[in-house]
Structure formats: C-alpha cells, structure tokens
Amino acid sequence: MWMLLKIAWRNIWRNPTRSLVVMFSLAIGVWATVFILAISDSLHAESLREGIEYKYGHVQLHSRAYKKRQELGNTVPDAPELLISIQEAPEVEAATARLLTAGMIASAGYSSNVQIRGVMPAEEEATTLLKTRLTDGEYLDVDRRNPIIIGEKLMEKLKTGVGKKVVLTFENTASELVSTSFRIAGTFTATQVRDEETMVFVRKEGLSRLAGIPGEANELVAKLKDPRKLDTFVSQLKGRLAGQEIVVEDWEQAAPDMAMVSDMIFQTDVIVTIIVLLALAFGIVNTMLMAVLERFKELGILMAVGMNKLRVFAMIVFETTLLSLAGAVGGMAFGFLTVLLANYTGVNLSLFSEGLSGWGFKEVIHPELEARVYLIITIAVIITAVLASFYPAIRALALNPSEAIRKEI
Amino acid sequence: MKVIETRNLSKIYNPDKVPVHALNGVNLAIERGEFTAIVGPSGSGKTTLLNIIGGLDNPTSGSVVVEGTEIAKLEGNALINFRLHNIGFVFQAYNLIPVLTAKENVEFVMLLQTRPKGEREARVIALLEAVGLSDKTDKRPSELSGGQQQRVAVARALASKPKFVLADEPTANLDSISAENLLDIMLKLNQEENMTFIFSTHDARVIRRARRVVTLEDGRIKKDLVQNEVSINF
Ligand SMILES: Nc1ncnc2c1ncn2[C@@H]1O[C@H](COP(=O)(O)OP(=O)(O)O)[C@@H](O)[C@H]1O
Ligand SMILES: [Mg+2]
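Here the protein sequences line up with chains A and B, keeping their order.
For the first sequence, the numbering used here gives the first residue as 1216, with consecutive numbering after it.
For the second sequence, the numbering used here gives the first residue as 24, with consecutive numbering after it.
Simulated from the structure, these hints should not be mistaken for lab results.
Treat the hints with care, since some could be wrong.
Listed below are the simulated BS3-like cross-link pairs for lysine-lysine, each with C-alpha atoms no more than 27 Å apart in a straight line [to be verified]:
# : chain 1 : residue 1 : chain 2 : residue 2
1 : B       : K25       : B       : K162
2 : B       : K140      : A       : K1221
3 : B       : K96       : A       : K1512
4 : B       : K40       : A       : K1512
5 : B       : K162      : A       : K1221
6 : A       : K1512     : A       : K1440
Based on the provided sequences and hints, a complete structural model is requested.
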C-alpha cells in the first residue's frame, strides 16, 4: 500500500511539466470555485440576515384565520398578554406586535396601493431596526398626531416630501372605508425595492383605534438572542400554544420567498461546481491516459512479475488522486487567501446591483466561506479524480503483459 | 525432480489471418538446479517458449506443468499470483520500475508477496550483495549502467524465492564484459542457491556458460546438449 502510494507519487514527477499543467489548471478551477461559492454564500447569508433583521424576525405568530385570509379582523387572540410573555422568554432578545392591512395612500395628485403596517415604535426598532433605516425625517415616536413613514421610492412616486400630508384609506372591521390624513414623519430605505414602494409604517395604537379594534394585533414577531436555538424555541412555543388558534412559524415558513432564494443559490453553487469539476475531469483523464500509454511496457513488466489487477488499478487511482489533490489543495489555499483578502477589502457588486438588490442583496459584500465548504470541495475533487482515473486504469488492466513487453518503444 | 515440463507445445500467432507457427510441438523437461540456455536464430521461437512457460502467454495446444500445476488452466489474478510466487523474470530491458531505487525494486516483489519487513530487508541486502551492488542500493535505474540494471533485475527475480528464473535475452543490450559478468552472477546463484535458470540468448560467449543448451529452429527443438565444460570466472 505504502509502496503503491510511493510509486504513484513519484510517477507524477516523471513528467513534471505535464503534471504541473494539470495541477495548475486544477488549482485555477478550484480557486475560481472557492471564490464564486464564497461570494454567492455571502450574498445568501447577507440576504437572510437582512430579511430576518429588517423584516421577518426569527419567529412569527399569526392567528389561524389570518394565515387563511390576511384580513384586518383576523387578530391574534390576547395579543398584548402573549407579547409580554414572549418578550419575557429567556431566549428572546426583542419582540413586537403589528397590525397589518392593505390600503391606499394618496398625496395631492397621486395614489398608490400599499400595505399599512401598524407597529409599536420602540418594540419594532428593537426587533427589526426600523429606525436605523430612516434616511430622512423622524421616527414614529415623534410627539405629533398620526405620523407615517414611507419608503423613498414611494415618496418619489407620490411626488411628496417629509412633513407633507397624505391620506390613508382602508376598510375597517365593520367593512366601512376609513380615510384619515397622516403627516410624513420620515422616509426609509430598504434593500428590496418593492418594500420601499409598498410598505408604509404607522403607529399600531392609532391604526387599531381607526380600525375599530383598539390594542389588537394580527402579527407577533420575535428576534432571538441565539438563532441556533430557533428550532427548540419554536417547538417550545408551539407546545405552549397548542390548542389555541395560533400558528407559530420560523422565518423559513413565514418567508418562503427567502427560502426559495436560498435553494436557488444552493443549486447554482452545485451547478457551478459540477461544471468546473467536469471540465477538470477531462484534463485529468487525458493526462492519465497519456501516462498509462507511455508506460505500457513498464505496466506489462509489473503484471508479469506478479502485480495483480487490483494493485495496478489502485496504483493508477492513487496517482490520479494525488495529482488532483495536489492541485486542489494549492487552489484551495490560494482561494482561501483570496477570500480572506476580499473579505477585508470588500467586493463591489454594483455592476449587477440593479438585479441583485431586487432580491435583497447589498452592493458591497464581504465574502466568507465556511470550513465545511472547503471540505466538500476536497471530497468532490477526490471523487472526480477517482472517477476520472477509472478509464485510464481500465485501459491499463486490459493490456496483455507478453504483448506489452514485446512492444518496442 | 522436474520443475517444468512442456508437452507437445504449439503456438500459432494470427491463426485466422496470416498464421505464424512460432512453436511446433515442443517437449522439454527442466530439472531442479539446471542452468539451461535456449538458443537459436532470431524468430526461432525463444521468446514465445519462455513466455508460455512463464504464464505470460497461452499455447495454442499442448500444456506446461510447473511442479504439478498445469498453468494454462490458471486465469487472471490466479495466474498473476502464480507467477508472483513461483517464477522469477528477467527481461531484455526496462525491467525495473524507474521511480524506485535498486533496493526498492528488489523489495517490491516481496512486498507484493506481503513478506514481513525484517525478512525483506535482510534479503534485499543479501541479494544486492550477491549481485555486487551493495554500494548502489539507493540509486535509481537511470543512475545505473545497463549491466548494473540487469543485475538488479536478477536480484529482484530471486527475491520472491521462485521455483525458477526465466531470462529472455538478458544480455542482449549489454557489452561483452557486462554480459559475462551477469552470467557469472547467475551461475554463482545457480550453484550457491541451487536456483534453476532458463535463459535465451544468441551470444556465443553466453552459450559457453550454460550447462545445457537447447537449440530451437523454426519452433522445434533441434538439439539438446549437456555441456560438461563450463568455465566460470568468479
Ligand atoms: N504477437 C505476435 N504476432 C504474430 N507473430 C508473432 C508474434 N510474436 C512473435 N511472432 C512471430 O513468432 C515467431 C517467433 O518469435 P519469437 O518467439 O519472438 O522468436 P525469438 O525470440 O527466437 O526471436 C517469429 O516469426 C515472430 O515473428
Ligand atoms: Mg526473442
């Protein structure tokens, strides 16, 4: 076994130029893969983090009725008491309640459909950092009647400005249209353009009174101290609320669009890796085939003196794998350093940011790659190398020692 | 005691297209401890005969029995394994694994036989000494002369403790001094270890060293002589 490894390793260096070319191309392939995966992984992590931090929270609670029909009147039973008990849970960093409804916003000359989000200013800030995303004006905690915060895009669309009045119209629980004027306190920005156009924030307290259901809420959102405890916390909460008309969901269930992006990115990662490895596999097969054909006579003598087929096979598989691993490890080391550097300097993606920001991505990202991914790439390269070595190895086994030895080289 | 016996051995290459009758009914018995040269002009069937005796090729008809085993009946790994444990090979050239040192080349067959480390090391040293290469143990084949390479090959052939050694024109690529030197070593091992050697050659000086000379012509045994006069230069 050791001897076979030793022979395999030394055989690689019989034709250093050829081996180095293979190693180099493998290194470049792996390096590129590492870099691409790091960027896409970071985009993914970034979009998740933003989705969770700015919008969905880790855990969401709704009434069963609201999950079926997103109507104003489908409120969470005993929301205020429930909110307090959630806020007091040791795993919870912050929690808030919201009252959500569809409605229309109108300025002097323009109008637009919006989702009206009635929020608790202090709790919302603690949970989803709404205040930190203000670009202009003031937060909902201003001492003024009916403040509203709208997205910058929406403000452009309505041709209005901070301090100006807008009218919100929506249907209350008694199916009557309610129209009330609000004054724009501030504007916010969101990574997802759609959110900037369609979400408006008002105080829940005022909205619930206008809706005829003072103090009620139809969405509770919690942010955990440690996201790794998500599963246990969710099942705990489900257990506690069992039998009640309340649906507890983690962010994956509450935001299937985010889960879809995750899946898509993962699939893209897999496809990129497979394409790169496939291209490399052809190079490996070609090189090893040349090596085997060159050593026909030598292989014939090895088989003549008693090296059995399994050992001949293993020797060629070892040689291929070592050759590939050497390249892969080099590429990975180089990739690791590149990712480290890119993480430090940041990578500007503004070239594609129009497309990306729609999905909730930032322009400058700091790529990072988990150690696990390096391990996966290593394993993938080994599997590729072993598979790529099969054809040359089978060709070697097919040779007839007496003919191979007679062959004049 | 007979180590090898061939019965009515025939070999036809390309039986369908242009048949070449390389061997035509060869009956040959080799006793333990013999030092036999197979001689004859080029194309007379020497290589074919040695390859069939060594289990590297199959006869078209007839049989080869090595100490009771009919080797044409072995196949695949069983045959490879039989060669590993019973036959030592020395070829005309390219015998050695280029990436292994002299020592490693000799040790290699013993590793294939999974012999214990202590035994392997002792035997490598003894054999390299016997072929006069104690000072070249860590040299790769490319750093050795042709004669030295063939001596390593002889050491390797003996390392597996085979029943006999087959050497197909072992001196063909050597100058006459190296050739005689190689024959001296083979003869010494033949006498000291009672190792059976069968080698092919068409070099008169080599033929002189053989105890028994089997002459092939057109795939038939033409003469089979035992020489009493053997000159040995130790
Ligand atoms: N693979 C082969 N196919 C066809 N003919 C062959 C093959 N090998 C050897 N021969 C022929 O068989 C005959 C005997 O060859 P060989 O055993 O090599 O003789 P020698 O070793 O005495 O020179 C020659 O005529 C040679 O051309
Ligand atoms: Mg020949």
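The hints, checked one at a time:
no. : hint                 : verdict
1   : B:K25 with B:K162    : 38 Å, violated
2   : B:K140 with A:K1221  : 17 Å, holds
3   : B:K96 with A:K1512   : 25 Å, holds
4   : B:K40 with A:K1512   : 26 Å, holds
5   : B:K162 with A:K1221  : 16 Å, holds
6   : A:K1512 with A:K1440 : 67 Å, violated
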